[in-house]
Amino acid sequence: MNLVNTVLIGLKEIWSHKFRSLLTMLGIILGVASLVGMAAIIKGMENGMKEAMVAMGGVDKVLLRLQPVPSWQDHRADQAPGRTMADVQALRKSAPLVRLVSPEMAIEDVTVSRLGKNFRPELCSGVWKEVLDMNLHTLAHGRFFNEIDEEEARSVCVIGTGIRDEMFGKPEDVGQEIIPIGEQILINGQPFTIIGMFTKYMSEQDAKEAALKAKEGNQKVVAGPKRQKGWGRKGGWAFWSKNNTVYIPLNTAWVKFRAVGDLNGVPDPRLSDINIKVASLDQLEPALQQARNVLLVTHHGIEDFTFQTQENQLENINKQIQNARLSGGIIAAISLLVGGIGIMNIMLASINERIREIGICKAIGATGLDIFIQILVESLVVSMIGALLGVAASYGFVEVLQILTPSANTPVITPMAMVVGVAFSAAVGVLAGLIPAFKAARLHPIQALRYE
Amino acid sequence: MALLELRNVSKIYHLGGEEIRALDDVTLDIEAGEFCSIIGPSGSGKSTLMHILGCLDSPSLGTIKLDGVEIQKASTSQLAHIRNRKIGFVFQFFNLLPKLNVVQNVELPMIYSGIGGKERRERALKALEMVELGNRLKNRPSQLSGGQQQRVAIARALVNDPKIIFADEPTGNLDTHTGEVILELFRNLSRQGRTVMLVTHNPEIAAVTPRRIEIRNGKIADKVDTRLAGLDRLAAAAAKSAAAGAH
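Heads up: the protein sequence lines correspond to chains A and B, in order. The working numbering applies: residue 17 is where the first sequence begins, and numbers increase by one. The working numbering applies: residue 59 is where the second sequence begins, and numbers increase by one.
Quick caveat, the hints were computed from the structure, so don't treat them as lab data. All C-beta atoms in this analysis are idealised placements derived from N, C-alpha and C, irrespective of residue type, glycine included. Hints are not guaranteed to be accurate.
[Said to hold, decoys possible] Here are some, though not all, of the chain B residues that point toward chain A, as calculated from beta-carbon distances under 10 Å:
#1 GLY112
#2 LEU114
#3 GLN136
#4 LEU137
#5 ALA138
#6 HIS139
#7 ARG143
#8 ILE145
#9 ASN153
#10 LEU155
#11 LEU166
#12 PRO167
#13 TYR170
#14 GLY172
#15 GLY175
#16 ALA215
Make a model of the complete structure from these sequences and hints.
Structure representation (structure tokens):
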């Protein structure tokens with residue numbers, strides 16, 4: 017008995033009970049749609065999280081962190097040098113597996129002001145131009161520092177759009193771009209000329225929100241000062257802090273802001289951060305070992321430093337995604353299982369209705385196996401049609417979701433989720449068909465023929 | 059060697075500790091090409107005999123040979139194969155599948171014997187031509203009259219070219235005229251050399267067959283009781299009409 021015929025007869029059986037079959041399939045349809053939809057939402061979440069991570073410098077960024085000296089070196093703790101330019105130079109010379117070294121000298125308690133407006137930026141540091149590559153910055157207007165700015169410790173700065181928004185106004189409010197290149201601002205009272213500005217960093221989610229706002233126009237006019245919304249909002253913190261950055265040349269920072277806390281007439285040379293990027297992620301471990309060896313020399317063997325990789329964060333993201341997947345998957349699996357029970361129920365009712373027909377088939381030569389396969393295929397066909405409809409429905413589901421929450425992370429339908437959904441429904445269909453198929457196959461032809 | 063050989067076949071049912079012998083020590087030969095009826099009142103065991111002859115059921119005791127092969131020990135799936143290839147059934151209630159159309163119903167036995175689609179269609183059409191239903195291929199059984207349905211059933215029984223055809227009260231659900239048409243069809247099949255077994259309780263129908271096997275209380279009656287079977291009346295009528303024809 018060939019399979020094509022079996023499937024055709026199964027389809028005919030389903031077609032002759034259209035409404036009943038549809039209701040039966042509904043469980044599978046909803047199960048698959050929720051599985052695929054859930055996976056799409058989680059994928060969107062994951063994309064959002066990874067996006068934020070890239071905004072903070074990407075996976076290959078390694079932070080060189082200070083740590084208290086280990087207990088066996090306690091007696092030398094006062095000789096711990098901290099992070100200095102010596103480390104930076106040594107790493108650049110002697111650690112070939114390290115691709116990029118970016119020193120940062122942060123200035124604490126900074127206030128940026130202009131024409132009586134004051135603002136405390138998230139970050140104000142003296143940096144090298146390596147910082148662009150390190151923190152994945154993109155310059156939109158003007159230029160970045162060159163060697164002369166660095167060498168002469170010029171009073172120039174490059175700002176993020178957040179600073180521009182505070183000092184010069186938001187382009188959204190005036191309806192045109194504001195480019196404050198050449199303007200002067202005061203950083204802790206000292207005048208700096210703005211020579212460059214970064215692009216506005218935002219998550220895909222915020223970009224969509226902005227686009228939405230632009231489309232709707234500014235309908236809401238609120239009197240009085242704008243309310244500040246919390247900066248931890250929606251995980252956009254990474255983008256927010258990136259926008260509220262002021263960079264000045266490293267030497268400028270050292271000369272103009274560190275002279276106060278000087279040691280023996282030399283401004284405090286300690287850096288607030290050294291970030292490195294390794295040549296390739298595959299060689300992360302050897303690269304870090306190499307950097308460690310180099311740094312142990314410059315630190316006279318005192319281990320007052322450690323490396324913090326972004327892998328931990330990646331791990332965290334993966335863990336969260338896995339948890340979300342697990343809970344979503346369990347819900348979808350339960351609904352698929354319920355769908356399967358529905359199929360089994362209908363198949364049992366259906367073979368009860370068709371006992372006579374089964375008897376006829378057996379009388380004209382159908383073996384138990386033929387009947388078994390027939391019922392199993394019918395059950396499988398119901399579940400597969402349900403699964404395909406469910407995949408189609410998941411597109412609709414995701415569309416509706418996007419209309420309801422246009423600013424959320426875009427759900428991404430993955431082929432993997434579809435494959436899993438369809439495969440799982442196939443398994444459910446077969447399992448649900450087993451008992452009815454077995455019952456039907458065991459019917460005695462004479463009793464089945466006589467059944468009224 | 060006979061087509062069907064039954065030796066000391068018994069079928070025993072156990073109902074609440076009581077032993078019921080639906081068939082009791084039946085020995086019977088049916089030759090190839092015979093046109094034969096099994097008659098007996100309801101409860102006599104004629105249906106049980108037909109089920110065993112038709113390989114729908116296995117005997118409790120005794121041996122049965124179909125076409126030279128002993129089948130009393132065959133498994134259910136082996137029996138299914140034998141039914142499929144060597145036996146054709148025609149039932150009182152036609153027993154067509156309501157969801158399939160005429161030609162699909164006729165094709166069904168060939169699907170189970172694994173015959174390819176093209177040959178299947180050809181043979182089904184030929185069988186339907188034979189019962190003069192070549193013009194109703196796409197109809198559903200519910201769109202046909204009783205006689206037409208029974209003809210479809212006959213086509214279905216013939217399509218796998220069986221060794222023997224069983225008809226269980228084939229006219230029981232038809233009016234007299236249609237019944238006669240159907241009986242004529244069986245007579246034609248017999249003339250073509252096919253082995254046909256009619257199972258009936260109606261002596262007038264049994265009268266069309268040259269050989270009659272009467273079952274009473276699970277045993278084969280030694281001689282056909284003409285009075286019980288009503289054959290005496292038929293014989294008288296035949297004699298009368300013959301006499302009338304002579305005049």
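Comparing the hints with the structure gives:
Against a cut-off of 10 Å between C-beta atoms, the interface hint on GLY112(B) holds, since the closest Cβ of chain A lies about 8 Å away. Against a cut-off of 10 Å between C-beta atoms, the interface hint on LEU114(B) holds, since the closest Cβ of chain A lies about 5 Å away. Among the interface hints, the one on GLN136(B) holds; its C-beta lies about 9 Å from the nearest C-beta in chain A, closer than the 10 Å criterion. At its closest, the beta carbon of LEU137(B) sits 9 Å from a beta carbon of chain A; the interface hint therefore holds under the 10 Å criterion.
With a cut of 10 Å, the hint placing ALA138(B) at the interface with chain A holds, because the nearest CB-to-CB distance is about 4 Å. Residue-level restraint check for HIS139(B) holds (minimum Cβ-Cβ distance to chain A is 7 Å; threshold 10 Å). Nearest Cβ of chain A to the Cβ of ARG143(B): about 7 Å, under the 10 Å cut. The hint holds. The interface hint given for ILE145(B) holds, since its Cβ lies 8 Å from the closest Cβ of chain A, which is under the 10 Å cut-off.
With a least beta-carbon distance of about 5 Å to chain A, the hint placing ASN153(B) at the interface is held under the 10 Å criterion. Hint status for LEU155(B) relative to chain A: holds, with the closest Cβ pair at about 6 Å, below 10 Å. At its closest, the beta carbon of LEU166(B) sits 6 Å from a beta carbon of chain A; the interface hint therefore holds under the 10 Å criterion. The interface hint given for PRO167(B) holds, since its Cβ lies 5 Å from the closest Cβ of chain A, which is under the 10 Å cut-off.
Restraint check, TYR170(B) versus chain A: the minimum CB separation of about 4 Å is within 10 Å; hint holds. Among the interface hints, the one on GLY172(B) holds; its C-beta lies about 6 Å from the nearest C-beta in chain A, closer than the 10 Å criterion. The interface hint given for GLY175(B) holds, since its Cβ lies 8 Å from the closest Cβ of chain A, which is under the 10 Å cut-off. About 8 Å separates the beta-carbon of ALA215(B) from the nearest beta-carbon of chain A, less than 10 Å, and the hint is met.
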